[in-house]
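These protein sequence lines are chains A and B, in that order. At position 102 of the first sequence the residue is numbered 102 (the numbering used here), and the sequence of numbers has no breaks. At position 144 of the second sequence the residue is numbered 397 (the numbering used here), and the sequence of numbers has no breaks.
Derived from the structure by calculation, the hints contain no laboratory data. Please note that a few of the clues may not be correct.
[As the list claims (entries may be wrong)] Footprint (simulated), chain B over chain A, 3 or more residues, beta carbon under 8 Å:
1. 55 to 66
2. 164 to 174
[Claimed, not checked] Partial selection, computed: residues in chain B whose CB lies under 7 Å from chain A:
3. G257
4. T311
5. G357
6. V362
7. M369
8. G370
9. T372
10. A391
Glycine included, each C-beta is placed from N, C-alpha and C at the ideal position.
What follows is the residue order along each chain.
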Amino acid sequence: MTAVEFREVSFRVSDRVILHKLSLSVAPGETLVLLGRSGCGKTTALKMVNGLLTPSVGEVQVDGRATTAWDAIQLRRGIGYVIQEVGLFPHFTVAQNIGLVPRLNSWPSERISARVCELLEQVGLPPGDFADRRPGQLSGGQRQRVGVARALAADPHLLLFDEPFGALDPVTRLELQNQFLALRDRLQKTSIFVTHDVREALRIGTRIALLDRGRLETLETPERFLNSLGPQTRAFLAVLEDKLQSPTPEARP
Amino acid sequence: MTDGGLWSEILSLTFEHLVLVAVSMLIAGGVGVPLGILLTRRAPLRGWVLGFANVMQTIPSLALFGFLIPIPLIGGIGKRTAIVALVLYALLPILRNTMVGILGVDAAVRESAIAMGMTDRQLLWEVELPLAAPTILAGVRVATVTTIGTATIAAAIGGGGLGVFIFRGIASVDTTQILAGAIPAAILALLSDGGIGWIEKRFSAA
Chain A
1 MTAVEFREVS
11 FRVSDRVILH
21 KLSLSVAPGE
31 TLVLLGRSGC
41 GKTTALKMVN
51 GLLTPSVGEV
61 QVDGRATTAW
71 DAIQLRRGIG
81 YVIQEVGLFP
91 HFTVAQNIGL
101 VPRLNSWPSE
111 RISARVCELL
121 EQVGLPPGDF
131 ADRRPGQLSG
141 GQRQRVGVAR
151 ALAADPHLLL
161 FDEPFGALDP
171 VTRLELQNQF
181 LALRDRLQKT
191 SIFVTHDVRE
201 ALRIGTRIAL
211 LDRGRLETLE
221 TPERFLNSLG
231 PQTRAFLAVL
241 EDKLQSPTPE
251 ARP
Chain B
254 MTDGGLWSEI
264 LSLTFEHLVL
274 VAVSMLIAGG
284 VGVPLGILLT
294 RRAPLRGWVL
304 GFANVMQTIP
314 SLALFGFLIP
324 IPLIGGIGKR
334 TAIVALVLYA
344 LLPILRNTMV
354 GILGVDAAVR
364 ESAIAMGMTD
374 RQLLWEVELP
384 LAAPTILAGV
394 RVATVTTIGT
404 ATIAAAIGGG
414 GLGVFIFRGI
424 ASVDTTQILA
434 GAIPAAILAL
444 LSDGGIGWIE
454 KRFSAA
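Modelling step: build the complete structure from the supplied sequences, incorporating the hints.
Shown next as structure tokens:
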């Protein structure tokens, strides 16, 4: 049983080919990273999973059913979604933001507040201090923590991340990556994670899919990805080597 | 006319003026806001509807009142014609601000709302309208203040209101009469500007 499956998915906008015959499957519990340069189609692929976009050709299956056969609202309420801009509702408090999907699913209010507190604890924000704040009163890192908590709220099986930590400073990014890994080990959720940062991909992914101009070039575990020979893969790994070779105190003779 | 008579006439004509403006604004809001929302969902209609509302605004108000008189059902002499004309004027700012306010909602916020499984109705009521409210109210405020001024012309086609004083004052070269119409109209405009502005601020703070 696969959690998500792309079957020969192509996507075109007028004449431009964004994705070309993409086929891949995501197993339950794994973190698949979609890696690639800007415009390679990785975000497009991600948005097909929760039906924000529909393939021009082919189909994307979630839990064995094509996204087009799902009721879009039901499909989306079962999938957490975190984006770089976070997209918190500025007129809601932190607690209302996190409790949104449970409320849409008509949970009783005591259960929602209990869940909100639990999630705020999990993402490292003390509920007493943060529940009643508005998004405008948070730092970038805090906002993204709320974004992650909101995506987890209704306990979805599947989580989609679109460069969630891309706009954060390196230290905050590392903190959030570590928290992501800790949460993943605890919650065992299936995730699809879009990034253009090869270091992030290697840290976070259980498998890495490298897209180049709409085509899948490499699909490997991080260990084997390092030895992969695709030209675009080598280009990404060169970035990594370049950084490693830069003079650091330890590296000097 | 005694002073007492002038004061009571000011009071009754101010009230008449207020009713004229209130009815026009309720209709303009009732048509403009839903139409503005519709335009955010139907892009091809935008040019036509905004074009129509724009053209209405360019017609000099006295001429528009005049044009409406011979039209059956909505035309003729009296309040009804005046209200039709005032609604046509008030429509554009409300319509445009509703549309601009909703389209101005942060794309990331809208995408999140959709991705979290909000229906189109929930997106509208829980996200778009609350976030667009200050902009929509700004449109209502501009429309109201303008309408209070324009409504003085309603007297020219028998619509009543404070314009009665002004037209009478012009005809009899009586400054007191002109001021008896102009000052209450100015006060009404200032009060509604301040009042709606206050509501607008409360919504922006939220």
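Tested hints:
no.: 1; hint: 55 to 66; in the structure: violated (count 0)
no.: 2; hint: 164 to 174; in the structure: violated (count 0)
no.: 3; hint: G257; in the structure: violated (52 Å)
no.: 4; hint: T311; in the structure: violated (36 Å)
no.: 5; hint: G357; in the structure: violated (12 Å)
no.: 6; hint: V362; in the structure: holds (5 Å)
no.: 7; hint: M369; in the structure: holds (5 Å)
no.: 8; hint: G370; in the structure: holds (4 Å)
no.: 9; hint: T372; in the structure: holds (6 Å)
no.: 10; hint: A391; in the structure: violated (17 Å)
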